[in-house]
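Top line first, the protein sequences correspond to chains P and C. Here the first sequence is numbered in UniProt numbering, starting from 1 and rising by one per residue. Here the second sequence is numbered in UniProt numbering, starting from 1 and rising by one per residue.
Everything labelled a hint here was simulated from the structure, so no lab data went into it. In this text, a Cβ means the ideal position worked out from N, Cα and C, and glycines have one as well. Zero decoy hints are in this set.
Selected chain C positions facing chain P (Cβ under 8 Å, derived; list incomplete): (1) Thr20; (2) Asp28; (3) Val252; (4) Gly254; (5) Phe256; (6) Met709.
Some chain C residues close to chain P (C-beta under 8 Å, calculated; not the full set): (7) Ala123; (8) Glu202; (9) Thr287; (10) Ile674; (11) Ala716; (12) Phe722.
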Amino acid sequence: MQTISMNINGVPVSGEVEDRTLLVQFLRENLRLTGTHVGCDTSQCGACVVHLDGVSVKSCTILAVQSDGCEVTTIEGLANGSHLHPMQQAFKDNHGLQCGFCTPGMVMSAIDIVNRNGCDIDEATVRKELEGNICRCTGYHNIVKSVQAGAKNMGG
Amino acid sequence: MAENGIGASVRRKEDNRFLTGKGNYTDDINVVGQTYAYFVRSPYAHANLNSIDTSAASASDGVVAILTGDDLAEDGIGPLICGVNVTSDDGEPHRAPLHPALAQGKVNYVGDHVAVVIAESLAQAKDAAEKVSIDYGVLPAVASTATAAEVNQQQIHDIAPNNMCYNWPFGDKAAVDAVFETAHKISTLDLINNRMVTNPMEPRAAAGEYNSGTEEITLHVTTQNPHVHRLILSAFNQLAPEHKLRVVGPDVGGGFGVKIFVYAEELVVGWACRKLNRPVKWTSDRTEAFLADAHGRDHVATAEMALDDQGKFLAMRVNTTANLGAYLSTFSTMVPSYLYAFLLAGQYTTPLIYSEVKAVFTNTAPVDAARGAGRPEATYLLERLVDVCAEDMGLDPAEIRRRNFIPVEAFPYQTPVVQCYDSGDYPAALEKALQLADYDGFTARAEEAKSRGMLRGIGLSSYVEACGIAPSAAVGQLGAGVGLWESAQVRFNPTGNVQVFTGTHSHGQGHETTFAQLVTEQLGVPIENIEVIHGDTAKTQFGMGTYGSRSLAVGGVAIAKACEKLIEKGKKIAAHALEAAEGDIEFADGDFTVAGTDKAMNIADVAFNAYVPHSYPEGLEPGFDENAFFDPLNFSFPAGTHVCEVEVDPETGEVEIVKYSAVDDFGKLINPMIVEGQVHGGIVHGVGQALLEGCQYDDDGQLITASYMDYAMPRADNVPSFDIDYAPTNPPHNPLGVKGCGEAGAIGAPPAVINAISNALGVKHIDMPATPEAVWRAAQSAA
Chain P
1 MQTISMNING VPVSGEVEDR TLLVQFLREN LRLTGTHVGC DTSQCGACVV
51 HLDGVSVKSC TILAVQSDGC EVTTIEGLAN GSHLHPMQQA FKDNHGLQCG
101 FCTPGMVMSA IDIVNRNGCD IDEATVRKEL EGNICRCTGY HNIVKSVQAG
151 AKNMGG
Chain C
1 MAENGIGASV RRKEDNRFLT GKGNYTDDIN VVGQTYAYFV RSPYAHANLN
51 SIDTSAASAS DGVVAILTGD DLAEDGIGPL ICGVNVTSDD GEPHRAPLHP
101 ALAQGKVNYV GDHVAVVIAE SLAQAKDAAE KVSIDYGVLP AVASTATAAE
151 VNQQQIHDIA PNNMCYNWPF GDKAAVDAVF ETAHKISTLD LINNRMVTNP
201 MEPRAAAGEY NSGTEEITLH VTTQNPHVHR LILSAFNQLA PEHKLRVVGP
251 DVGGGFGVKI FVYAEELVVG WACRKLNRPV KWTSDRTEAF LADAHGRDHV
301 ATAEMALDDQ GKFLAMRVNT TANLGAYLST FSTMVPSYLY AFLLAGQYTT
351 PLIYSEVKAV FTNTAPVDAA RGAGRPEATY LLERLVDVCA EDMGLDPAEI
401 RRRNFIPVEA FPYQTPVVQC YDSGDYPAAL EKALQLADYD GFTARAEEAK
451 SRGMLRGIGL SSYVEACGIA PSAAVGQLGA GVGLWESAQV RFNPTGNVQV
501 FTGTHSHGQG HETTFAQLVT EQLGVPIENI EVIHGDTAKT QFGMGTYGSR
551 SLAVGGVAIA KACEKLIEKG KKIAAHALEA AEGDIEFADG DFTVAGTDKA
601 MNIADVAFNA YVPHSYPEGL EPGFDENAFF DPLNFSFPAG THVCEVEVDP
651 ETGEVEIVKY SAVDDFGKLI NPMIVEGQVH GGIVHGVGQA LLEGCQYDDD
701 GQLITASYMD YAMPRADNVP SFDIDYAPTN PPHNPLGVKG CGEAGAIGAP
751 PAVINAISNA LGVKHIDMPA TPEAVWRAAQ SAA
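Just chain P, same shape as in the assembly:
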């Protein structure tokens, strides 16, 4: 067991974890931050995407001990009170979610996509960038619209 500390959504936290504990397990089991989901066991589906020091990572693919000392942002940390993050709002406005299970990972990935590609992204780029996030409900049509609209919103 090791003691680790990190800032999650701006709040300092620490905990004891086994060496094999994944970041997603630390978030979900130790901290009860259950907004980050686990949809597969091969790092394919992207339901577990969070931001680690401002960059999107699949939290099922990183050990909790590797996150020691990092800044972590999860889906719970995006909204400002009842005011949704522009990307969250875009998903709502464009019906970019149905069952909601892939949604946290989609939104976290989408924000990272905008951070890397700017606020005016074409459809082909969004589709290519979303390759690591699987959704079974929406057929992606409205997710792509949401990401493009959210990108514009993030640009102000």
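Chain C: place on chain P using the hints.
Just chain C now, with coordinates in the frame of chain P:
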């Protein structure tokens, strides 16, 4: 139209919690003292279970208990059941092998449940599971659908000779054969409907808790139908009496059919939490989902059409082998029978149809309903066959469909395969779809593509499906153990806000919004004051749940009927309060008014009055809370035409869908935004089947596509955006005029895609999934 009422694309009420990480899925539930279950599963497809030694595992850190099939049998729990009877051609019921929740003496597929380890942590449970020592006597496996019933095959279940579950003929074989004898032309097609793993993004899970004081089990479970779960677990699996069993389907992350069924893990978790008097949680990982979720499709079929010299369909003959897997899942038997053969008429006037369905057991995971359930299989077969007919007759695929469509004036239309279609305008949907797809401009686009060395193809699919499952009289006759009506309760609280309790279950469909729109439209209550509640047997009365695109067409009508009762009662209360005659009270836009006066009372005030009644006349009960049940007279029959245009790179075999247009008849749309989302998702589910998804077992029954690394789910860059439009008709028997939209895309898309690829390559047929390798090979052989 009320603001936010019928026809408005209201943004969903449920979205904020999902977007902020506050959804409450089964695996998110944690309670004090919780233990974790992990299942030991068979690594062999077919084996005798000689012995299980749990001694080393039991001594492992954190282990609370290790339970096996013997423990289950000792406690009299199970077995799992199949709820629909199909009578085989020998007059006997379908063969139903014993299906214990934990194996007893034998395992029958890779992933079959052998034992459950329950420990203080999941890691400890997994560690201990590795120490369970099992002596298997491996037997030859049966893995192929096509050959499972051959006489020299290994027998899987003693009660099922030749691995046959049933042989189910339907129709007048002699009459059909006679037409084939004299037909101008016979078109024939052999095809496979590829096995799919349903793959909602939330894996299945169950969390059980036992209260030894009240002797009640609470089981949170990933379910599309909590009351059906409770009924089966209680009445057939002896888990607990219904009144001592609470089943909750909290937020559920997609279903697509696979969460209808009662699974071994759920029963075991419910049983174990009481046996151990500890909360027990089990969550499937994705590998387990591939191994042990019920799969979908898996047919091998031959289809033949007899035609006259004008290309009119005279008779159809279909021979199908359907794989049901190792055991019968909850509704498995009805999928390749009633939900398949009864849709084989499609949109056409084919007067005679003969179908024979051979359902077989194999050493593979059970197969049951998956998005569309039987209807995609029927539609794929028929719409592919129609294209072969067009080719054989030298007709355009659109033209042969026009010549055979059921004309609009013929509705309601009795098909030769039981179903009586409610309403439809198939030519209208076709013409609109062709326009949307710019069908006439295709030749020029194909020429242009050719100049770039690419092959363009265009494909149509004109589907019809049976939704709104289902009228209990009809399905009862067919052998369903239960009729499939739906319930609703609409309750005003004294302060005027409304709780709507529905027996359906939302796992992505947006009921919390759509159903609130129905209520705001009818009762005039602001939508923000309406809460839709579902998924908890302790909160809602018995209901049948959500599958077969039934929630709005059946459950929505029940809500509307409950609202009607409230209006009727409200008139009595308003008459009393306003000192008027009941006959003089009118209701509109949320207000009860005395006709011809300015005396009025808002429905919220009526509700308050109902809970603080003063000197009510005899016969007028206090309270403002009404129940309704709706049992439809018929299925609903959504239909439409989808047009897919592809570009194939003959050098690589890659297929790009360059344009996809869909025109559907869903009747009236309550929330067009949500409907469109359902269509998008359905289409991509169908595109996944057509291009990417193929569940493969090897000859030993090993699942070789057991992860997202091996099983190709559609991703954002595999599909385009879609052009969606509607050609609605009014189903006369549905009081809301609605039909259902959840499965249409998954039904319409596969044949549209494969017809397009066949067209591009100039080949008669290519089986799904049309992977680059398969397409490349077909392109080479065509060239």
